[in-house]
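Undergrad: Protein chains in written order, with this note's numbering: chain A, 1 to 371; chain B, 1 to 237.
Since the hints were made in silico from the structure, they are not lab data.
Given the structure is predicted, the values throughout are model-derived calculations rather than measurements.
Careful: at least some of the hints might be erroneous.
Claimed, not checked - In silico DSS-like pairs for lysine-lysine, Cα to Cα no more than 27 Å straight-line:
{"id": "1", "chain 1": "A", "residue 1": "311", "chain 2": "A", "residue 2": "244"}
{"id": "2", "chain 1": "A", "residue 1": "156", "chain 2": "A", "residue 2": "244"}
{"id": "3", "chain 1": "A", "residue 1": "311", "chain 2": "A", "residue 2": "170"}
{"id": "4", "chain 1": "A", "residue 1": "349", "chain 2": "B", "residue 2": "152"}
{"id": "5", "chain 1": "B", "residue 1": "66", "chain 2": "B", "residue 2": "30"}
{"id": "6", "chain 1": "A", "residue 1": "360", "chain 2": "B", "residue 2": "152"}
{"id": "7", "chain 1": "A", "residue 1": "349", "chain 2": "A", "residue 2": "360"}
{"id": "8", "chain 1": "B", "residue 1": "66", "chain 2": "A", "residue 2": "39"}
{"id": "9", "chain 1": "B", "residue 1": "85", "chain 2": "A", "residue 2": "156"}
{"id": "10", "chain 1": "B", "residue 1": "99", "chain 2": "B", "residue 2": "186"}
{"id": "11", "chain 1": "A", "residue 1": "170", "chain 2": "A", "residue 2": "244"}
{"id": "12", "chain 1": "A", "residue 1": "39", "chain 2": "B", "residue 2": "85"}
{"id": "13", "chain 1": "B", "residue 1": "85", "chain 2": "B", "residue 2": "66"}
{"id": "14", "chain 1": "A", "residue 1": "156", "chain 2": "A", "residue 2": "39"}
{"id": "15", "chain 1": "B", "residue 1": "99", "chain 2": "B", "residue 2": "152"}
Unchecked claim - Incomplete in silico selection of chain B near chain A, CB under 10 Å:
{"id": "16", "residue": "25"}
{"id": "17", "residue": "61"}
{"id": "18", "residue": "62"}
{"id": "19", "residue": "63"}
{"id": "20", "residue": "80"}
{"id": "21", "residue": "81"}
For every residue, glycine included, the Cβ atom is placed at its ideal position computed from N, Cα and C.
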Amino acid sequence: MSGASSDVTRGQTRAPAAGAPPANTNRIGLTRADYDGSKSTLCPGCGHNAITAAIIQAAYDAGLEPHRVAKLSGIGCSSKTPAYFMSRSHGFNAVHGRMPSIATGVRVANNELLLIGVSGDGDTASIGLGQFCHMVRRNVPVVYIIENNGVYGLTKGQFSATADVGSTMKGGAANDLMPIDCCALAIELGCGFVARSFSGDQKQLRPLLRAAFAHKGTAVLDVISPCVTFADHEGSTKSYAHVKEHDAPLHDIEFVPYYEDITVDYAPGTTREVEMPDGSHIYLKKLAEDYDPTSRERALAAIHEARREQKLVTGLLYAEPALIAFDDELKLIDAPLATLPLEQVRPPKAVLDEVMEQLKTGRGTAPAGGG
Amino acid sequence: MFVLSDLDLGMNNWMSDPFPYPERGWDRGKVLTDEQLATLPRFERYRDVDGDGIPFRTLPGTHDPKGTYFTRGSGHNEAAQYTEKPDDYRRNMDRLNRKYETARALVPPPVVDEHGHAAGLIAYGSSHWAVIEARDMLRAEAGIETDYLLLKALPFAAAVEAFVARHERVHVVEQNRDGQMASLLKIEYPQHAARIHSVLHYDGLPIDARSVSDGIAAGEPGGAPAGARAVREAVAR
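From just these sequences and the hints, can you work out the full model?
TA: This is the structure:
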């Protein structure tokens, strides 16, 4: 859809013109409780619960309209979490690793929905790796959150494909296989928004989520989320203690949505600004020297350097907001396809006749192939 | 709902008559709009309100908070909420069974070509044209007349049982080593199981009329393949 011609952009609406919202409400007049979901059935202390809390807070802060949000997931502990936030939103718990297909379909059917996809390291980096790659290639507008704990929690703690070499299982067995780095992979595939964070770092996670809500293509957030049951021991490289010790934040992040006046007090020279297509801004307070989030090469180098130093680089690794959006590539019209009346979507008989004639004569547009 | 194709249709070019223009537009079924939701005290995604096993649904983007729900696996109650209660689970399974029964009258019906003969053929998918040709060959070469039912969908419509019941011998033609469609028919209609025979083709090549006609002739009185071959050779001479 074209943001300029509509008052709705990816689940966000412009603030009401007159009258301030009541106290304890956000800019669209909803309370924080309006963004809650069912009670979590995950283990107490699970990093995923902290990510759920960050999503709720970020959605409240952003003033997302719940009915314009679709929550999507695959299978795993992570993929249970969409039931724990925004119960007034639409939701679909898909087949294992197949959430990107569902997301693509939802987006095509209704381009007014903001898609929040929650996946895990097994769902994304193993069974769903192919789907993940093609979603990124197509730049399907999904806020794709990987709740990454390096283990299969739902099936009692086997290593996932993101487990680091040398990381040990609870029983002591060490992982010998190279990890798949979902951020590096996403950058390589041309993703325009790639960030890594830690479930215990709400200060970093919330602005990243809000920035991802404003991004018009695929936004990948790889959030390290310790599994308190199977991977919070000394030998795990995704335990709370390990991540806290080895976390290397790239920068502090502030996100300023486009409906707020942009008056920031960062000293020039210490911040870097990234403008999102809807007019909102991300401000990166530079902690790392000269980190440039618009350089794909630099981002990949940062990931590789951190791995060499056995550190975990967090923050907005790469941002290229101006990529061609999926909707534009498909030449979707502004109105959601799902809302079009039959008269508008049913081609007349002459169109079918023409297609049949083309097939008969071999002239005209060839049908799409596959294989 | 699952749409099936087969390898022969997927990988080879086929001749076909031009498709006719659909008389009706699509029907999205029992979808509630915001206007309809506004008149309802509540909406529950999996509540079978009218007994057909097919509950009403809403489309994502529906504004009314009553209309939102979380689609998940089979562990849910009528209100689409997570459940581990055995009674909820059993009710849902029973509701799905009612939906399956309702679907019998909604899925595409079989195409039946019936003239009161004792032998009935059942086939589906790309076996169709081989069966059509095989029927002509059986008639010309061995004087065997057949009726034919082209299956279009599962679950089986009432017309399928009626067809099986009306024929002394039912030959189920399929490109499948295990004769799975024949097995489904036997499970569905155990009282007719003895009449159901399989004619199978699974040599890796598309099914051909000759293997169908030989298979059927072998199961028909006086129509052993050798006989059919003799007739064929006589015709060739």
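Undergrad: Against this structure, judge whether each hint is valid.
TA: To see whether the hints hold, each was checked on the structure:
1. A:311 - A:244: Roughly 10 Å separates the two Cα atoms, so the pair holds.
2. A:156 - A:244: holds (24 Å)
3. A:311 - A:170: holds (21 Å)
4. A:349 - B:152: holds (25 Å)
5. B:66 - B:30: holds (16 Å)
6. A:360 - B:152: holds (25 Å)
7. A:349 - A:360: Holds: residue 349 of chain A and residue 360 of chain A sit about 16 Å apart, inside 27 Å.
8. B:66 - A:39: Answer holds: residue 66 of chain B to residue 39 of chain A is near 19 Å, not above 27 Å.
9. B:85 - A:156: Holds - the C-alpha atoms of residue 156 of chain A and residue 85 of chain B are around 23 Å apart, at most 27 Å.
10. B:99 - B:186: Within the cut-off at roughly 22 Å; holds.
11. A:170 - A:244: Holds, at about 19 Å.
12. A:39 - B:85: Given that 27 Å is the threshold and the Cα spacing comes to 17 Å, the pair holds.
13. B:85 - B:66: Holds, at roughly 24 Å.
14. A:156 - A:39: holds (22 Å)
15. B:99 - B:152: Status holds; Cα separation ~18 Å.
16. 25: holds (4 Å)
17. 61: Holds - the Cβ of residue 61 of chain B comes within 10 Å of chain A, reaching about 5 Å at its closest.
18. 62: holds (7 Å)
19. 63: holds (5 Å)
20. 80: holds (9 Å)
21. 81: holds (7 Å)
When each numbered hint is compared with the structure, no violation occurs for any of them.
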